[in-house]
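Asks: In the order they appear, the protein sequences are chains A and B.
The numbering used here applies: residue 1 is where the first sequence begins, and numbers increase by one.
The numbering used here applies: residue 1 is where the second sequence begins, and numbers increase by one.
Take the hints with a grain of salt, since some may be wrong.
Residues from chain A shown here face chain B by an in silico Cβ test under 10 Å; the list is partial [said to hold, decoys possible]:
no., residue
1, 14
2, 15
3, 19
4, 56
5, 57
6, 62
7, 73
8, 78
9, 81
10, 94
11, 96
12, 141
13, 142
14, 145
It should be emphasised that the hints constitute simulated quantities derived from the structure, not laboratory data.
These numbers were taken from a predicted model, which means no experiment stands behind them.
Beta carbons: idealized from backbone N, C-alpha and C, even for Gly.
There are 2 protein chains.
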Amino acid sequence: MGLIIQKFGGSSVADAERIRRVAGIITDTYKSGNDVVAVVSAQGDTTDDLIEKAHEINEKPSKREMDMLLSTGEQASAALLAMAIEDLGYPVTSLTAWQIGITSDSKYSNARIKQVADERLRRELDQHKIVICAGFQGVNKYDDITTLGRGGSDTTAVAIAAALRADICKIYTDVDGVYTADPRIAKNARKLNEITYDEMLELASLGAQVLCNRSVELAKKYRVNLEVCSSFKQIPGTVVKEDVKVEKMLITGVAKDNNVTRISVIGLEDVPGVAFKLFSLLGQNNINVDIILQSIGRHGTKDISFTVASDNTQIALDVLHESYPNNVITYDENVSKVSVVGSGMQSNAGVAAKMFEALYSVGVNIQMISTSEIKISVLIDRSDANKALEAIHDAFI
Amino acid sequence: MGLIIQKFGGSSVADAERIRRVAGIITDTYKSGNDVVAVVSAQGDTTDDLIEKAHEINEKPSKREMDMLLSTGEQASAALLAMAIEDLGYPVTSLTAWQIGITSDSKYSNARIKQVADERLRRELDQHKIVICAGFQGVNKYDDITTLGRGGSDTTAVAIAAALRADICKIYTDVDGVYTADPRIAKNARKLNEITYDEMLELASLGAQVLCNRSVELAKKYRVNLEVCSSFKQIPGTVVKEDVKVEKMLITGVAKDNNVTRISVIGLEDVPGVAFKLFSLLGQNNINVDIILQSIGRHGTKDISFTVASDNTQIALDVLHESYPNNVITYDENVSKVSVVGSGMQSNAGVAAKMFEALYSVGVNIQMISTSEIKISVLIDRSDANKALEAIHDAFI
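For reference, chain A alone in the conformation it holds in the complex (with noise of 0.2 Å):
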């Protein structure tokens, strides 16, 4: 018995049958004798609809307008979810941000949750309603609507949790939990009970696309309890928290990200200042880069390498060139990181050694190496990244 938040991804209500499960999966918890509070995404496909939609009639429009078309994608299928509870018998309502007082900064299509007011939820609540929450959006302090950027739906569940200071924030999705490395790659991938919020963090970042980095960060800031499980099987799935029972594993997890480019500037001029102008440049661009390799290049000057999310390619590529006119630049899309993360590794100087070593008995070249204190990632041929997950997956679990 308790107050539970639970959060519901778009293929989870993807049509009227898993609307139908889902308000199973509520109305069970409600049963239970416990509050709840769900958030919903909008239906399957339907926010890509509306992008196509949009962009028949302005191939650019403003992302003012943009948020104001698709919130209407969460609040359909926030109305929808209530519908289905109602018609088990319960009581319910649903409601959308600014109804409950979700405030967001102004950054359209990528907002951030300054606050959300817990009156209007409470008094749901003491009700003894059901609330569906329609997630992904915000309203700023012009009232207008804000969406909250990839995996926004997670941080509006997360957000509710901190705000009513919920028991725990269950996040439901295809999976049903963390795994140590992706299960259709790694065969002895096996489920983690719990992880701590850090190790969450870089897999997320990674490329093991369970929970956005946001709502991970923010659950982190007010000590929320996050549950990943799946919406189709009853069973457990991982918890996330700040300490978690020892489990004697040096690693988490094994994670694979496809999503990256290898970009090299060469010939750069071997003088202090080089580094720092050319990512302040991509800076000002909002480009982030994650790897960095420099090299002592021909002649006295210098290679620059990084690594860039795939999507900011080509703009980082014009940004270069416009830059500079005078060097070769050159870029590499078949590539991977893999990576390996665990709060284990702090203390164990010979991770990355077995790493490597695992790599090497596979024979897959390195090409970039990066280290935190708890992951070790390596930049790696794409063709090679399966086998090189699944070797190193079975030399540490």
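Following the hints, put chain B in place on chain A, whose structure we already have.
Replies: Only chain B this time, still in chain A's reference frame:
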């Protein structure tokens, strides 16, 4: 130069091409130096599609959730229309009912507007923006979304025109104005340049489905000048206002209404209070009655006949059978109501006679007659309706 409210219905914004045409009408008005607020309905069949989706999940969803769902249709079309105007290079913003502050009562699915706040609208207009408003919706005192029922977007447009004291409120439709009769039936029907609110009200309630009654009532109350015009042809439409130039015509228009059923209760006791009992019973069940005829039956009884809207037929029959188990109850769905409307007839005694003569000349039998100060209606066999309409039209106009 002035402030012009424009309203575009669902078929005017059914697809990308039509939205672009509407954007052209709006920006042409803006370019001529006017402030413009446009009110828009949901695209084409959106509302029907949403209703169908809801019924897949719940055959009888609450009206509160239905309004939450349906209001997304207008929000989406407002955003899309704003994008089309952005594409033409004009400053624009789209607004929902809660952003504007269109408050209503809490009668979900058929709410009445209580007030339109003008602050946000004026702020946007002061910044020389074109404003696109989602029609058909309001927000009640609980911050819940309501919808305004049939023709609700017309009402939104008139209410905004009243709040902003606009110079004119133009309702764009499939037709290019109000005609003296349905031009598809009466070949000699002609378009009116002007018509009074009262005449428009009578015509609307008689089945000339150009404007919804509630919007005309509101326009009359706040003296809003309305113009019904075409979204396809750039020609003057019909202006609806308080005083019209005398056109030396007894009759403004002739209308036909097929949405009508005659019901008769036979053999009622001939004592005081019989009619009162019958019609209070129907009123309690929200069944509106139109033409009423009482006649002497056999053996000192009386028969009462009346007409109801076709969609009320079944419930009216159910109610009557329950309360009058010993009376014969007959009904006829194959009837039409044909009416002449015109404020000129108040001071002219010959109108009824002329109308009946026209019907006689084409051999149409009159079943029931009803008159008001500015209209005369007759109930006739539905198969005679078009013939009757044309004969009456040509006799007067």
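Asks: Does each hint fit the structure? Answer for all of them.
Replies: Hints, one by one, checked against the model:
Taking 10 Å as the C-beta contact cut-off toward chain B, the hint placing residue 14 (chain A) at the interface is violated, the least distance being around 12 Å. A hinted interface residue such as residue 15 (chain A) counts as satisfied when its beta carbon comes closer than 10 Å to some beta carbon of chain B; here the least separation is about 8 Å, so the hint holds. At about 6 Å, the closest approach between the beta carbon of residue 19 (chain A) and any beta carbon in chain B falls short of 10 Å, and the interface hint on this residue holds. Of the supplied interface hints, the one on residue 56 (chain A) holds, with its beta-carbon coming within about 4 Å of a beta-carbon of chain B, less than 10 Å.
The interface hint given for residue 57 (chain A) holds, since its Cβ lies 5 Å from the closest Cβ of chain B, which is under the 10 Å cut-off. Checking residue 62 (chain A) against chain B: minimum C-beta separation of about 6 Å stays under 10 Å; hint holds. About 8 Å separates the beta-carbon of residue 73 (chain A) from the nearest beta-carbon of chain B, less than 10 Å, and the hint is met. Here the hint on residue 78 (chain A) is kept, as its CB sits about 7 Å from the closest CB of chain B, short of 10 Å.
Of the supplied interface hints, the one on residue 81 (chain A) holds, with its beta-carbon coming within about 8 Å of a beta-carbon of chain B, less than 10 Å. Against a cut-off of 10 Å between C-beta atoms, the interface hint on residue 94 (chain A) holds, since the closest Cβ of chain B lies about 5 Å away. Proximity of residue 96 (chain A) to chain B holds as hinted, the smallest CB-CB distance being about 8 Å (cut-off 10 Å). Of the supplied interface hints, the one on residue 141 (chain A) is violated, with its beta-carbon coming no nearer than about 13 Å to a beta-carbon of chain B, more than 10 Å.
With a least beta-carbon distance of about 9 Å to chain B, the hint placing residue 142 (chain A) at the interface is held under the 10 Å criterion. The interface hint given for residue 145 (chain A) holds, since its Cβ lies 8 Å from the closest Cβ of chain B, which is under the 10 Å cut-off.
Checked against the numbered hints above, the structure violates hints 1 and 12; every other hint is satisfied.
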